[in-house]
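Enquirer: Listed below, chain by chain, are the residues.
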Amino acid sequence: MTAAIQVNAVEKSFGNVSIIRDLNLSVAKGERHAIIGPNGAGKSTTFNLISGYIKPTSGEIRLNGEVTSGLRPFEINRRGLSRSFQVTNVFARMTVWENVRCAVLWATGHRYAFWKNVDNLPEVKQRTAQILDDIHLTHRRDVPAGLLTYAEQRELEIGITIAGGASVIMLDEPTAGMSHAETERAVALIRRLTEGRTLVIVEHDMSVVFGLADRISVLVYGHIIASGTPEEIRGNPKVKEAYLGEEVD
Amino acid sequence: MTNAVTPAPAMAKAESGSALSFYGIWLLAAAALVVLPLVFSSGGSLTSFSLIGISIIFALSYNILLGQTGLLSFGHAVQYGLGGFLAVHAMNAVASHNWPIPLPVIPLMGGIGGMAFALLVGWVMTKRAGTVFAMISLGIGELVASSSLILRSVFGGESGITTDRTSLMPLFGWTFGPQIQVYYLIAFWVMISAIAMYALTRTPLGRICNAVRDNPERVEFIGYDPHVVRYLAYMFAGFFAGIAGGLTAINFEIANSAYLGATQSGLVLFSAFIGGTAYFFGPILGAILVTYLQLGLTSVTSVWQLYFGIIFIGIVMFAPGGIAGILMKHRPLIRAGTLSAVIPSYLVAAIPTLAFALGIILTIETVARFSGGDPINLLGIPFVAAAPTTWAAAAVLVVGGFLVARITWRRIAEAWDRAATVARDRGYLA
Ligand SMILES: Nc1ncnc2c1ncn2[C@@H]1O[C@H](COP(=O)(O)OP(=O)(O)O)[C@@H](O)[C@H]1O
Ligand SMILES: [Mg+2]
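Residue numbers (this note's numbering), protein chains in the order written: chain A, 34 to 282; chain B, 2 to 431.
Chain A with its partners taken away, still in its complex shape:
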């Protein structure tokens, strides 16, 4: 079976600083894949490369078998990949409802339509309402996104990411900065919403990672030093030494 995401020998340098070095990664369809690694290891950069935000210096990236390195983010999104951002990245002056609805429009085939009343599209309306319900923001639907609390903005960030129904979802530290209770709620949400889809997640909370992921890749200095099931990663001496230390035991 072709992998959902296949990264082959990707390198990325900013100027002459090499950030990603010989990156190889394979994420199977339907898999929940966690990427862990210390700060500055290049996890977000990896997300940026896969989602088309930046282009690899060399190497190749495939989405469902098709080469996507070199494509623009919207082209990759239209091929079924959607990502969230580590730093909340929403439409601040628009309401919660409109934020999610905008993320639904392309996927429901309305594209650049200027001859349809956006309030009169039953499928869009129903999907938007469903997403708002899923992310527990229905009661905040008419509030401008910029006025939400931090945790609410993080939930909206997830909502926008999943709204288009992409088959591959990438979440960059979705629970960063959340309290313990908020994290638990967010993880339950992520688990439910990505049911039947491929998930790539960057996460620092090890209990979340080991509870959620089918496979884990460990990124250190822009290179994946290990990739495997939670058990394999737990027992991998290289990982213990380089990153996990005492935390896993």
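Be careful, since some hints might not be right.
As the list claims (entries may be wrong) - Covered stretches of chain A, going by a simulated chain B footprint (3 or more residues, C-beta under 8 Å):
id, segment
1, 102 to 108
2, 119 to 126
3, 137 to 151
Unchecked claim - Derived pair list, reagent style DSBU-like, types lysine-lysine, alpha-carbon separation capped at 35 Å:
id, chain 1, residue 1, chain 2, residue 2
4, A, K62, A, K271
5, A, K88, A, K62
6, A, K273, A, K62
7, B, K128, A, K158
8, B, K128, A, K88
9, A, K62, A, K158
10, A, K149, B, K330
11, A, K88, A, K271
12, A, K149, B, K128
13, A, K158, B, K330
14, A, K273, A, K88
Keep in mind the hints are simulated off the structure, nothing from the lab.
Everything numeric in this text was worked out from a predicted model, so none of it was measured.
Note that CB positions come from ideal geometry on N, CA and C, so glycine has one too.
Fit chain B with the ligands to the supplied structure of chain A, relying on the hints for placement.
Expert: Same frame as chain A, but now just chain B with the ligands:
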């Protein structure tokens, strides 16, 4: 966010009545346009209403760029002017060939002209937003305005190209000679254009324009190319600007290079901004005020542009949301029933603020007319610019007015805080 749950029922209630009030507003607007010339029937007011109507379309079209899509254009008059020229050429062609096309269709030609130009240059222009777009729009504006003086066969040089709107076939006996008939033609297009532009904001494209305005980067990750979105917005803006230009050509029976120039581009930016770009109706208010001021001020003072500058700076500094922003700030207070708590503070502030404003006006006019000119007529009182008593009066009004006004402004802020707190406690976001 303890009070977060409370707004929901209040807003749901507001929504159920909104369909009725929505159509009500449009019907009211249409009725006002019909009745206006019957109430104020002098030739002067007919001319003013006609110009205001055109400015409304023009300012709304500008706001497709600025308010809806976040594109700051310094050259919007290009599409307006080209629309005007195309309309004039169309009228002349229709008249000379005796084509059975009535005058009310001509603004559409203007729209097509504005849109065609946008189609041509827009793809390159809208590649980037922000400063890049602003600078290119300025450059294109200058380019077209200066070309218009060189390409005489198309633009008629300094004198422009004239036309005769009555030379087209009459429609139901209307020749469009009398200004009243032109007014109704303009009013018709104001309604059509305003409804169309409002409808545009309620489409998928319109909403994605807002998303591009707020965060073009994220738009790319929900499947949209912000470049295409900006390009489409630019074409729509060009279309409606062209309609406004076509109406101007009909109104004055001429198109000249001034239509395309930087002054015209500046005025429309000014109208949209003063009215407020965050709300659809903002530019309408701005267009009415600016056109009215322009017509009124030019006859009483030679330095009317100075007043425009002061108003503009004042709005930018103290009310960046424009008139619409100021009005809409009161909505939660009205809903919560706490508006009456701030009104008295406004009334108290009005007197010293007016004195301050009069002092500024007196100062400006004194300087402007010092070396000759008519006496300054302020509220019916004549002031002579060269007289020291005038200077003293100006100084007293400016300094005294400001010192007292400052206290009353602080009172407004306090009254505001109290009223807004109450409104928030009652569940209305303020
Ligand atoms: N656009 C950029 N230009 C220069 N350096 C960058 C850029 N983006 C990321 N980096 C650098 O790449 C390294 C990896 O960053 P990042 O991918 O954000 O790490 P992580 O998400 O794993 O914490 C950091 O040292 C960061 O400073
Ligand atoms: Mg990161």
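Enquirer: When the hints from earlier in the document are held up against this structure, which numbers fail?
Expert: none
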